[in-house]
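S.K.: Please arrange chain G on chain E, whose structure you already have, making use of the hints.
Protein chains: 2
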Amino acid sequence: MIEKLRKIILGKPLKTSDLHGEKLGILWGLPILSSDAISSVAYAGQEMLLVLIPMIGVAAYGKMSLLSGCIIGLLLVLMLSYRQTIDSYPNGGGAFMVSKENLGNTAGMVAGAALAADYILTVAVSVSSGVEQITSAFGGLQPYRVMIASALVILLMIGNLRGIRESSKVFGVPAYAFILGILILIIGGAIKLQNGYIPKEPNFEKPLGAISLLIMLKAFASGCTALTGVEAVSNAVPNFKDPSTKYAKTVLLILSMIILLLFGGTSVIANYYHVIPSEEGAMLILIAEEIFGHNFFFYYITTTTFVILILAANTAYTGFPMLIAVMAKEKYAPQQLSMRGDKLSYDNGILLLSAVSALLIIGFQANVTSLIGLYAVGVFISFTLSQSGMFIKWRRERSKNWHFKAAINGFGALLTATVVVIISIAKFEEGSWIILILIPILVFLQMKVYVHYVAVKEQLKIKGSEYETADLSKLEYHNKIIVPIESVNVASVRALRYAKTICEEVTAFTVVMSEEEGKIILEKYNKLNTDIPLVIKLSPYRKVVEPLIRFIESAEYDHTPGDMITVLLSSFVVRKWWHALLHGNTRKYIEKKLLKHKHIVVSNMPLQLKDDHYFQKHLASKR
Amino acid sequence: MIEKLRKIILGKPLKTSDLHGEKLGILWGLPILSSDAISSVAYAGQEMLLVLIPMIGVAAYGKMSLLSGCIIGLLLVLMLSYRQTIDSYPNGGGAFMVSKENLGNTAGMVAGAALAADYILTVAVSVSSGVEQITSAFGGLQPYRVMIASALVILLMIGNLRGIRESSKVFGVPAYAFILGILILIIGGAIKLQNGYIPKEPNFEKPLGAISLLIMLKAFASGCTALTGVEAVSNAVPNFKDPSTKYAKTVLLILSMIILLLFGGTSVIANYYHVIPSEEGAMLILIAEEIFGHNFFFYYITTTTFVILILAANTAYTGFPMLIAVMAKEKYAPQQLSMRGDKLSYDNGILLLSAVSALLIIGFQANVTSLIGLYAVGVFISFTLSQSGMFIKWRRERSKNWHFKAAINGFGALLTATVVVIISIAKFEEGSWIILILIPILVFLQMKVYVHYVAVKEQLKIKGSEYETADLSKLEYHNKIIVPIESVNVASVRALRYAKTICEEVTAFTVVMSEEEGKIILEKYNKLNTDIPLVIKLSPYRKVVEPLIRFIESAEYDHTPGDMITVLLSSFVVRKWWHALLHGNTRKYIEKKLLKHKHIVVSNMPLQLKDDHYFQKHLASKR
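Going down the list, the protein sequences come from chains E and G. So for the first sequence, the working numbering puts the first residue at -17; every next one is plus one. So for the second sequence, the working numbering puts the first residue at -17; every next one is plus one.
This is chain E alone, in the form it adopts within the complex (with noise of 0.2 Å):
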């Protein structure tokens, strides 16, 4: 029944061999790499000035466009950093294996972890925000944006786990009609303003007084979320044609480009234009509505806003699993995640990424500013981390022109710690501190379950020499048989034929609340008129793995400390789901109790029931 339901959502399953897509052009490479980094033009800068409005009111915008120049300065020297990343790392240069790499596993798992969690603030952020420009646009839908927003994860989710691609080219439309939309919100602006419009002056509440350095830096950490997401081309090269560093660099190079334009471009616009951003109405749409009124333009841009930032979110469903299941594969995470599902999509990492988002999202209530408190610090530790792996690496390698190479990796890594360390202290109250702790914790777990993977895989491992000794024909075990039964029936007699097959020595062993209980059972079994002995046991707590190990412990059971003995359970398997409610798990619980123990094997030996139906009629005749 689940299984069905599961094809429904899900659709066929794919064979391995379809893994393998197109490769990227510009043309292609630029929108799809790009979503992530262009959409948080639909809220950083709205970000800045809901935290500035209301302690300076009007000149908030003037301090906006001071911010955003810093925040594009970064960007640039980011752009160079992360260029000469394409270069060493033609397979992607994740922030996770280039710090693994040159800085040791530690910095590779606080690098993982922190991207994680920005993964996750990734979706949660950016659907939010996209809600947010709905019901900015369509006021009706306000109350119900918690909603909205959960149903679009959840139907991110499906979507992913049925197999849609990011790499699909239909992903690069949208990008390319938002930036066409952003670019005619500011050309539009501006021909309004050269018209002689005069923007609407809101009233501004009292502002609550100077500004203060804090602010400033609180501003800036908020504007910082504008640069989430550049660091998608640098992991992505191998999806680039040949030369598919050239390509990458050049689409690294226009996306810093078209941020430059549209980050820059919003915030003069908005310094023109006076809105008021706010829960109710998103920054870019207060814009839109005042420079187009209703018209096509206003909603051609709300849409395309929307669906860029829905997309965004989905780049996250693309990186997400696949850092996952690259720190698993490396042993720092459960390997569950690093398996692929039915439509070779890492689906326990898609519904992992799901669930919590949507978390989130709920705990946040789709709030855009209580989210932002938590975002891009994992970003900015990434960035650092990554750039410093690349400082150590010119340093290490000492190849032609290193000095260069390192000063600007060793700018960026300073550049970008600088902004972690901003971000941590101006948005701690906000939530960045869940993120510094929760950091340590996951560092922490990666290690536990590293050291148990190793455990796990130097105790299977073959040494060597032990090849020779572990030549099968020389080494058998010496196996007895043990066939605890319930009572002498169909199943039981089956089991101990079977066990007369496969072994000489076989004991039959039956545990009775009561010595009249075990009268009966021996007298039945005496009919079998088998030369298997029985032992009985006496129960008093009506338990059966405990006799039954104490019976194989004891002098009584005849046998040398190094013999395997099998224990064969005698079971039946029913034909309906909810048969198997009627039947407790007596089986599963004895398999799972000795199955602890050295030199059991377990057998079952199921007997397949027949269908209810056929005795229907027992109950009929009885009524």
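Accuracy of the hints is not assured; some may be wrong.
[Unchecked claim] Listed below are the simulated DSSO-like cross-link pairs for lysine-lysine, each with C-alpha atoms no more than 30 Å apart in a straight line:
#, chain 1, residue 1, chain 2, residue 2
1, E, 578, G, 570
2, E, 445, G, 578
3, E, 462, E, 578
4, G, 506, E, 311
5, G, 509, G, 462
6, G, 580, E, 599
7, E, 443, E, 575
8, E, 575, G, 578
9, G, 592, E, 445
10, G, 462, G, 430
11, E, 570, E, 525
[Unchecked claim] Only some residues are given here: those of chain E computed to face chain G with a beta carbon under 8 Å:
#, residue
12, 158
13, 561
14, 564
15, 596
[As the list claims (entries may be wrong)] Facing chain E, from chain G, some residues (calculated, C-beta under 10 Å):
#, residue
16, 176
17, 318
18, 536
19, 596
FYI, nobody ran anything at the bench for these hints, they're computed from the structure. Quick reminder that beta carbons are idealized off the backbone N, C-alpha and C, glycines included.
M.R.: For chain G alone, kept in the frame of chain E given last:
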């Protein structure tokens, strides 16, 4: 860990031989078996007033006395009826067995379902009423009543899982204390009136108007809850000393007289002291307050009423699990419900009762008036079936005086059937519909369960003549072994060696996702220097079970249909519970799938892993 917690909460296990407790005489039999019946004095009268007062104001008290008279009449008929049941069923004549024997399986199932529903309601109503008593005396506790009631259910659950026994004499004391308390209330009230005290007359809200028949019937239905529990004595005949039927009949007679006294007495007293019960004030407590003020007697009555109500709930903790266990033994309920736990209590039944009654308490906010709508229908259905069963029995047996005996039980059946109709109609909207829908559903489920168990039993049974053909020495299976291996490691080598021990025809089997992977594993395997063939299958869907089953069923695998095929799974057992989370459950999944196929035996050969800390050094060495 869970095991330890279990021990602390539940104490040490008991032996089966501890099961039989002391036999009861009249002195202790009376109070122990009466708590359910006498405790209803705490709510039956009050609930009648709650129906009547809003309709007819002060006239309600007179009508309540009238209705109480009818109910006492009903009590006397029931008493006579059940004395005959005691004589006929010295081993305990529960409604389930009496109906099943005399009216057939379906009637038994209906009685079982009705009784089960009513036991659950006994817990919910008694606990809620108990909490109502103490929140009436200590108003500050009012907001916590749902929490207190739930906590009491949990305490009752733990107590019963620990194996407290209703038959313990200590449970007899509160019944006498309660009876004494109510007598003090009645006598104290009478004396106060004698001394010329004129009770305060409360301000009645304007009554809604004249009384209708439906309102009278509603009040009567509420009052009938006073009779729940009178069947307890006839169920418990074997618990009495010899001559047990004589003792039981005497106890039933005395019990009826006590109910008559307490229920009649409080009705009369309420007729003078016009208190208005409500959610905040239970009738008995309000009367006690007016008569005694806040002196010792007031707290004595509050306390004993509370205690007797909790004990009444506790009787359901003996009755319900025993009823369900009897039904399970007769194949009408899942057999897990008939298994005694460590403490010789029917743990599953206790858990089920606690869960459902806690849900009812929370759902109905521990409100007695709401819960009472569902109560009593079930009891009266079981009364009717039990009396009808007795009537049929007399007619069938035609023993001495059978006309007279049949007349008594027939009259009882007729009367209780009428009450069933009255309650069903009068309380339909208030909740009896829930029970009327629930009972057929439960009967349907019981039928399904019954047919399933019969189907299983029939298929397991060795018919007389088959014992000869079952001769174990004659027939042996032809057995072959397949050992699926994930890689060439210590666990798989052990498994292959064991396979060789028990069988000549061994095949190793592995699934790979690519040709290269296959080459690597084959190379390693060849180093083992074994003659066991290795079958390698490409599995693009990364599945194990399906290719394995396809292989077994294919011509490639040389075997005759009917051969037994053993699939030997090598697995490893981890030390800590959380380690299990790191390994998925491929083994269990494979086992489950394979066990559905005929002629397949699944064996598990575990490797017990060492603790991780032996391998901690690997983390350090790589950092």
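S.K.: It remains to establish, for every hint, whether it holds in the given structure.
M.R.: A quick look at each hint next to the structure:
1. 578/E - 570/G: Status holds; Cα separation ~15 Å.
2. 445/E - 578/G: 38 Å, violated
3. 462/E - 578/E: With a Cα-Cα distance of about 18 Å, the restraint between residue 462/E and residue 578/E holds, given a limit of 30 Å.
4. 506/G - 311/E: 21 Å, holds
5. 509/G - 462/G: 24 Å, holds
6. 580/G - 599/E: 26 Å, holds
7. 443/E - 575/E: 26 Å, holds
8. 575/E - 578/G: 23 Å, holds
9. 592/G - 445/E: 17 Å, holds
10. 462/G - 430/G: Violated, at roughly 39 Å.
11. 570/E - 525/E: With a Cα-Cα distance of about 14 Å, the restraint between residue 570/E and residue 525/E holds, given a limit of 30 Å.
12. 158: 36 Å, violated
13. 561: Since the shortest Cβ distance to chain G is 6 Å, the answer is holds.
14. 564: 5 Å, holds
15. 596: Where the cut-off is 8 Å and the nearest Cβ of chain G is about 7 Å from residue 596/E, the hint holds.
16. 176: Check failed: Cβ of residue 176/G comes no nearer than 62 Å to chain E, outside 10 Å.
17. 318: Holds: closest Cβ of chain E sits about 5 Å from residue 318/G, inside 10 Å.
18. 536: Given a least distance of 21 Å, the restraint on residue 536/G is violated.
19. 596: 7 Å, holds
The structure fails hints 2, 10, 12, 16, 18 (numbered hints given earlier, in ascending order).
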